[in-house]
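**Student:** If you want the building blocks of each chain, they are given just below.
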Amino acid sequence: MNGYGKGLWQGLAVTWKNLTRRSVTAGYPDVQPDLPPRSRGVIALQEENCTSCMLCARECPSWCITIDAHKEVIPAETEGGRDRSQNVLDQFDIDYSICMYCSICIEVCPFDALHWSPEFAYAEGDLKDLTHDMNRLRTWMDTVPPPQALDPGADQGKELQAHERRHATEIPPGAQESGER
Amino acid sequence: MSEVIDVLVRCLFVVLAFLTMPLLVGQMEHKAMAHMQGRVGPMAAGGFHGWAQLVADGVKFVQKESITPVAADRRVFELAPAVALVPYLVAMLAIPLGPFFGHDVLIGHDLDLGLFFVLAAMSVGVLGTLMGGLGSGNKYSYIGGMRVAAQLMSYELPMVLAAASVAMLAGTLSLVGIADAFEPWWLLVQLPGLVVFFVAGLAELQRPPFDAPLADAELVMGPLTEYGGMRFAMFLLAEYAGIVVLSALTTVLFLGGWAGPWSDQLGWAWTLLKIVGVSFLVIWARVAYPRLREDQVNVLAWKVLVPLALAQVTLTTLVVVW
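If you're matching them up, the sequences are chains B and A in order.
Numbering-wise, this note's numbering puts 115 at position 115 of the first sequence, and it's gapless, one number per residue.
Numbering-wise, this note's numbering puts 75 at position 75 of the second sequence, and it's gapless, one number per residue.
Hints were generated in silico from the structure; no laboratory data involved.
Every residue gets a Cβ at the ideal spot worked out from N, C-alpha and C, and that includes glycine.
There is no bait here: all hints are sound.
Covered stretches of chain B (in silico footprint by chain A; criterion: 3 or more residues with CB under 8 Å from a CB of chain A, positions within the stretch not fixed): (1) 5-13; (2) 23-32.
Per the computed footprint, the stretches of chain A lying under chain B, defined by three or more beta-carbons under 8 Å from a beta-carbon of chain B, are: (3) 26-37; (4) 281-292.
Could you put together the complete structure from these sequences and hints?
**Tutor:** Set out below in structure tokens:
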């Protein structure tokens, strides 16, 4: 009979505590949410960075990215030089009706052409409208926040460390803090 | 002539209380339950903290179609919501609110057998749910109906015994008489009776944690499964009217009714305040406790509440004889 009826009091105590505490509910449509950095709202495309390497389309677990591109020839700048070719995007669609926001495309992109934007209010009345084309994906770039500042004392990332080691003599003191790419 | 007007005014007053008090309790439940669960509850309807939510709900219910299933026993099915709701209106007629600024006790009609009358009306209300369960032509409803019956059988006895103990102490069955005879030390002597009465009342209203007949995880919605629209709304209203009647009865029997400072002037306010307080307890019990299993419901009634109520009656007898 140890503590018989204790649970009854605990039930009352817990609910009473909740009642007297302020609730943390966000009043979303009236109050815009304060989203943490790196929120996965929508994927934005920086078209100039894209080389049409197709890595994102192939890594996508739900196959929601469609890419089409063609090659353009850049004529040689110097006399007798070799012509260079460049991939130019024709089509870059993300179908948000099947995207599962896993972020693999963004991780895998070698040239930082894809970015997370915290915008989330892009529901549509028609399923087809959830396929965002290149132009629409481009417009999301305006909503991408600048990268989050590093925590104090955090590692800067391997690339930057290597860069700094190589150019240790050239960099004037005080400029090390500009760790942003 | 003035007598007729007097009766009409009293009836109007009771109907008004019947239409507003359950809504107030419902709104309190919306808000108190929400905050107890770390939510905010309705906020949009009406603008200020969702005060018009229940009005909006009512409008919605009116618009819905009232469907009678083919397998249902039509008469019984259609009559059940009324049987569930009207008894509480009748019960309210005999519950006193207390002195009103030096006037007589506010009451629909002061019956000599008030306590008996109100308890009888309350158990008729439960029959509505039972009728809904047996008349729906639905297995879930049927099982729910059987549970209602079992619960009614089990909890009627301790409830009546607890009420009888107060009546013995006051020496009258009139609710006004009982509240008038109240003395503060009764709170202590009648404490077990108070607990038994309150718990048994919760069970009779099928309020959580005694909502095994409705148990939505097992029985969809029990006896109310087949109801929709206005008929369902009537059952809901009956539930909240039941809370008001139970709270009022607990107040008048065990908490002294209008006993309190300046009760000659503000007696009605004291009664209302106590009713709101007890209603809050009803809501609190719903949030704090999980539903009892069907066998636990009956075990609680027969092994705990009935012995406790009998002990209370014995104690009261000793006090009265002494």
